[in-house]
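**Student:** Take the given structure of chain A and dock chain B with the ligand to it, following the hints.
Protein chains in written order, with the numbering used here: chain A, 1 to 394; chain B, 1 to 265.
Everything labelled a hint here was simulated from the structure, so no lab data went into it.
It is possible that part of the hints are untrue.
The following label-pair restraints were derived from C-beta to C-beta distances [as the list claims (entries may be wrong)]:
| # | chain 1 | residue 1 | chain 2 | residue 2 | range |
| --- | --- | --- | --- | --- | --- |
| 1 | B | Lys254 | A | Phe126 | 49 to 57 Å |
| 2 | A | Gly153 | B | Ala196 | 27 to 35 Å |
| 3 | B | Ser258 | A | Glu318 | 50 to 58 Å |
| 4 | B | Pro71 | A | Gly390 | 35 to 43 Å |
One side only, chain B facing chain A, incomplete, derived with CB under 8 Å [said to hold, decoys possible]:
| # | residue |
| --- | --- |
| 5 | Ile39 |
| 6 | Asp65 |
| 7 | Val72 |
| 8 | Gln74 |
| 9 | Thr86 |
| 10 | Leu109 |
| 11 | Asn110 |
| 12 | Thr134 |
| 13 | Gly139 |
| 14 | Trp147 |
| 15 | Ala150 |
| 16 | Leu185 |
C-beta atoms are modelled at their ideal positions from N, C-alpha and C, and glycine is treated no differently.
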Amino acid sequence: MASETLHRFGAFGGQYVPETLIPALDELDAAFDQAIRDPEFQRELDRLLKEYVGRPSPLSTAPRLSQAVGCDVYLKREDLNHTGAHKINNALGQGLLAKRMGKKRIIAETGAGQHGVASATVCARFGLDCTVYMGEEDMRRQELNVYRMRLMGAKVVPVLSGTRTLKDATSEAIRDWVTNVNDSYYIIGSVVGPAPYPRMVRDFQSVIGREAKAQMLETAGRAPSSVVACVGGGSNAMGIFHAFVPDLAVELVGVEAAGRGLDSGEHSASLQRGVPGVLHGSLSYLLQDESGQVHPAHSISAGLDYPGVGPEHSYLKETGRALYVSVTDDEAVEGLGILSRLEGIIPALETSHAVAWVVKEKERWNKGDAVLICISGRGDKDLAQISEMGLLPA
Amino acid sequence: MASPPATTSSNSITRRFDALKKESRRALVCYVTAGHPDIGGSLETLRALEDGGADIIELGVPFSDPIADGPVIQASSQQALEKGMTYDGVLALLERAKPRVPVVLFSYLNPILAAGPDALTRAADAGASGILVTDIPVGADPAREEWLGASPLAFIRLVAPTTPRARMAEIARHGSGFVYLISRLGVTGVQQTTAASLPETIQRLRSTTTLPICVGFGIATPEQARSVGKLADGVVVGSALVSAAEHGPEDVLKLTRSLREALDD
Ligand SMILES: Cc1ncc(COP(=O)(O)O)c(C=O)c1O
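Just chain B, same shape as in the assembly:
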């Protein structure tokens, strides 16, 4: 295990969690795919997320083969790619949108590798605060994990329901910003219920780290956000917002607001 704990500047994310903690509020983390439904629509979507009360935006870098994603995000990625979205395009979008809230790039490894050794510093220059890579689990590639961990971006790591406790500690130690807890087995996508084991998994993770814990995968409705928000420091909503973005910024705004209200209740 080579990658050292990240210590850097990432820290609009940490500041945001500190501020929320003082107010006893939960973070609303919103995922959308960059360039979906198109560049203009993507700019409006980002604006609607901010206006609706998102605390952190996860901006998806589209990839041709998103093995961790369900049909909704798959389709949005394909659509964005067909419109010509690239890693550099995502950074350009970010520079134009200049969101007031921290942005975490959500990506598969290959597009980041292809963007070259300066990919992460360029992302920071474009205004990103963090990076999350779906397919580089802790220990899989020490050299590249070190590269990701030492960049100016917070390196958000994922924990799954299948992760044993000792490994949870290992993951948390090699990440920064927050820990993303996958709520259930499976890929991204809207679900009616949350896993029964979730409270216990959160508790297990809590005992291994002081980083904030955000729970995602399958959370779509204000009711789900409210109930998960009682257990975690933040909730991540993805596919439901991507579907809303398909219909336009008003739908995104409406859904974001209702999620915000449910979380702040």
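Chain A on its own, in the form it takes in the complex:
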């Protein structure tokens, strides 16, 4: 309890949860701090990141995209990780921690299904029981991932309450945890939730930025001038930002989902259009109405379709260290097409938001700029959805 301020990023974060969970969060806090100081844990994590996930992920140059936008663009290839997204970095770290804590049952929530798949994967690898909560709407949008999770032995529970998306899946996962707190470990999928989750997930994802920083020096002989990532809960963005936060010359840009437009009321741009509020255990920017009810988010990409955002992003926004921008559903689909055609890389719809912003802001780039984009995941999971919507070229 004495460490209340350690649970925050400025005013944001905290532990706004039912009393039942407090001892479990204290236990987690202590176990995590102990684990990251234990060289044995770090060695085991590094070994698995290398032999199982395939790290380090490459840094790719992007000659045709660079030409199209008028500066040097580099791609950090989290899409090449095992299971196809950055989510595995966190799921593996937390899975290892759960094992160390002696937990046998894992709970996870998922939106796009990438975190659910990553959790199911880690559970299969470690022999842990896995229950994944997923909104019914997302199960429809991301059917392939539902199949992948089930194939690996996870139980996928459809969530029918509220908006039937990531927000409600997260609430349901928390309810499960409150009920089974003594034997279950909750692997949260982004830098959200009560402390210590935002810090812990960031630390497990920070391998992205650490690698990218060294790879930029090696490949480009310089640091990036801008680092760009999409922001749902904000884990791939925090993961690639973290190593660069102290380098004030490096611009950090988070791209939120503007959905049908920032003024349409149908978007997921919490940092640009929300106000601080409490959801899922932390105080952060939140889409809500004037009476404090959470406003349903919208995005074409299930992974960005969330009305809240990680508290550290709220802090980076307030301090001006990071810039938060957005692109619409249509622009994101265009971004997916552009990276596919120009570089032969099909990005996830979430990732496509970051790509689309770099393309859209062509005017802002100068010849000497080096823009690093986090390619958080690959697009296979989205192809059925966008072809169904008639958005794929014939």
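**Tutor:** Chain B with the ligand alone, transformed into the frame defined by chain A:
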């Protein structure tokens, strides 16, 4: 830990417990969701709770994302919100209903924060005697806990089966009115049995505080109320009453009466 022990006026709740104690009776604390099934129905439900013998009414402020609640209260909250219920709407309902028994607002933090710095004094003006916030555990946010603790409302704190003894004392010290003991792991909702560890948990809590102890979560039937009433100073019934409210005030009245009789037995 900044929030001081609340000392204020809250005290229709304390008076009620004092009166019950003199008669060696247990408090019947009844939860319903404000605005469920609609405003008119909610007024009738409140009346039925009073007529049926409730000692304290917990009036739920509906929230879009009630992580501590099971399906019944989730659905009632969603229904109330769809009918346009807001924090101000809850206060207006309270002013109209003017219950003869103390009312505790039962809420998540966000709707209270959104209602502004005068949210608590306005609630007191509307007739509320206490407030209970599900998602602000002791020590989580000293400044806001101080705001809640220093208001004219009693600040009811929650203790869980997982709470260690030292923390129980801390919680009790920063609360007033009564202590709400969550009977089992999990969310609100009807259960067939009560946790085997309950007597021991109550005993542990009893050794840390002189505040009355009310036990809730999962208590639905007169039999359960009777057996928990033997251990605690009061019992809280929620989901079962919310389900009854779905059917109308007669069902609420009937259930409340049978709970009352079982407790007074
Ligand atoms: C590929 C990909 N990128 C990004 C996200 C958004 O999450 P976050 O903002 O935590 O990185 C998701 C979430 O499902 C995802 O699958």
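**Student:** Which numbered conditions among the earlier hints are violated in the structure presented, ordered from lowest to highest?
**Tutor:** Violated hints (numbers, rising): 5, 7, 14, 15; every other hint is consistent with the structure.
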